[in-house]
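Participant: Heads up: the protein sequence lines correspond to chains R and Z, in order. Going by this note's numbering, the first sequence opens with residue 1, and the numbers climb by one from there. Going by this note's numbering, the second sequence opens with residue 1001, and the numbers climb by one from there.
Watch out, some of these pointers could steer you wrong.
[As the list claims (entries may be wrong)] Not everything, but these chain R residues come out facing chain Z in the computed CB check (under 10 Å): (1) 49; (2) 53; (3) 54; (4) 125; (5) 158; (6) 187; (7) 231; (8) 265.
Since the hints were made in silico from the structure, they are not lab data. Even for Gly, the Cβ is constructed at its ideal location relative to N, Cα and C.
Protein chains: 2
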Amino acid sequence: MTDTIISSASREVVLGFDRPFVIIGERINPTGRKLLAEEMKAGNFDRVAADALAQVAAGAHVLDVNAGIPLADEPALLVEAIRLVQSLTDVPLSIDSSVPEALEAGLEACEGKALLNSVTGEEDRLEHILPLVKKHGAAVVAICNDDDGISTDINVRFEVAKKIVNRAADHGIPACDVVVDPLVMPVGAMPDASVQVLALIRRLRSELKVNTTCGASNVSFGLPNRHGLNPTFIAMAIGAGMTSAITNPLEASLMQAVRGADVLMNHDPQCANWISTFREPGPQGGRPGGRRGGRRRRAEKT
Amino acid sequence: MTDTIISSASREVVLGFDRPFVIIGERINPTGRKLLAEEMKAGNFDRVAADALAQVAAGAHVLDVNAGIPLADEPALLVEAIRLVQSLTDVPLSIDSSVPEALEAGLEACEGKALLNSVTGEEDRLEHILPLVKKHGAAVVAICNDDDGISTDINVRFEVAKKIVNRAADHGIPACDVVVDPLVMPVGAMPDASVQVLALIRRLRSELKVNTTCGASNVSFGLPNRHGLNPTFIAMAIGAGMTSAITNPLEASLMQAVRGADVLMNHDPQCANWISTFREPGPQGGRPGGRRGGRRRRAEKT
């Protein structure tokens, strides 16, 4: 059993094999969001605030914060976004950048224990990022590519993950603080992408014994009805042992699949979360509608 | 690789590890459908006909036919239902009864190679049903309970499956013609029901190397929003290796999950089935809407 603990000033979230699935809200990210990028660059963080609140309301357990805007002062913008989000919500943060200086500034601004997003198996990334993770006592997302790029061979990706876990240990970072992203590729372009990544998730769990995360919606890139495909992938990935995802909690069908998967993995005691989310209003208003649902279902059966 | 071939007079359906998932439509069953039972008993099969056509239109690959009505002549009703369904559709049939005489009459009326539903590990069932399966060259659903009832221990259920497969072999029925139903129990009453049955599905596939089926919707019995939970279970079950289900193809969310699972298991070459089912109409009407979807998605990203 591997528990990855991350925290804000006042709240802890735990990723683990015997824990409810953790949703890391991906929305606060100007990549591909032109208007958000322009606003952040101009010092307007209203949309960041709205995105933070909406994602937490929708069920995000952690918020990813990214301020990667070309030609902007990314460390300063990231710090401002982090401070704002921390003032509005108490969920732990995932600090997301490809720029080490931004990651460092973000870690300094962040209260509690952050999830640093991310390190790869590339040598210069390992040498820059792991000391930051250690210094700030953070956890880190480890992405399964290295100086040779992203391998289509999952054995190579497994070895990259193993290398990162070992290198982290050299820096005094325990394996429980390394959350591996196996890299979900689009199934429309690589027909065996999903089969392979599910096999990799199972190995990461059974052999490397690490928690896992991924950009789940990438699997449906380029296909129609992506919102219809993503929930099925996330259900399969959770069944294979994945313990978190960086994704959009505003996708209701995705959140329904995650809540359902918690029930089906026996991570929702007494189905309490499922029942409180979905119970039908009873005939007297507030009463749980178990009986009524039953009547309707029988009536359907003509 | 294990292929279970069933057929009508003119069409073959194959259950297999490397095949698209097979949906066995469950609707033609008077159990719990009072009106259908009364109609069938009175010789009115209009609803049977409508159910057959609707299920095939919704994507059922096989139709289960059951005529179990108390105090009725079940063999005669089953034969009539089978003849009618065969006259309307060309999908293979699953002949469903707990009465050996009805199963035998059904097998005689059925063209092609039927799936007989079902045998259990109970001694008298084994001795009555397996000779029928052999005589008619049918395939058979093997349910994992025996004279001791349904065990909550999946090791016991695995052993029951193994016993049925071995006993079938004694009768000259190959393992590829035994489709094991691991028995899906309601997760609301048994919190580890889903975790256990997923583990059993994996063992049935890797150790016993048989195809599997189940009454998938049973998992959500007693919970609210069953239509929201069933697709997540079926996705997980397919990820674990299940190759068919006896379920309701008129549940659109379930069929979407099955079609998505085919894509994600690499059982939908070029995603052709997914794309033809879900592509958006293009600006000129018939054109696949890939570009348009892209524009809309970008526009969302403000």
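Participant: Could you run down the list of hints and mark each one as holding or not?
Facilitator: Evaluated hints:
{"no.": "1", "hint": "49", "in the structure": "15 Å, violated"}
{"no.": "2", "hint": "53", "in the structure": "16 Å, violated"}
{"no.": "3", "hint": "54", "in the structure": "13 Å, violated"}
{"no.": "4", "hint": "125", "in the structure": "27 Å, violated"}
{"no.": "5", "hint": "158", "in the structure": "19 Å, violated"}
{"no.": "6", "hint": "187", "in the structure": "6 Å, holds"}
{"no.": "7", "hint": "231", "in the structure": "7 Å, holds"}
{"no.": "8", "hint": "265", "in the structure": "6 Å, holds"}
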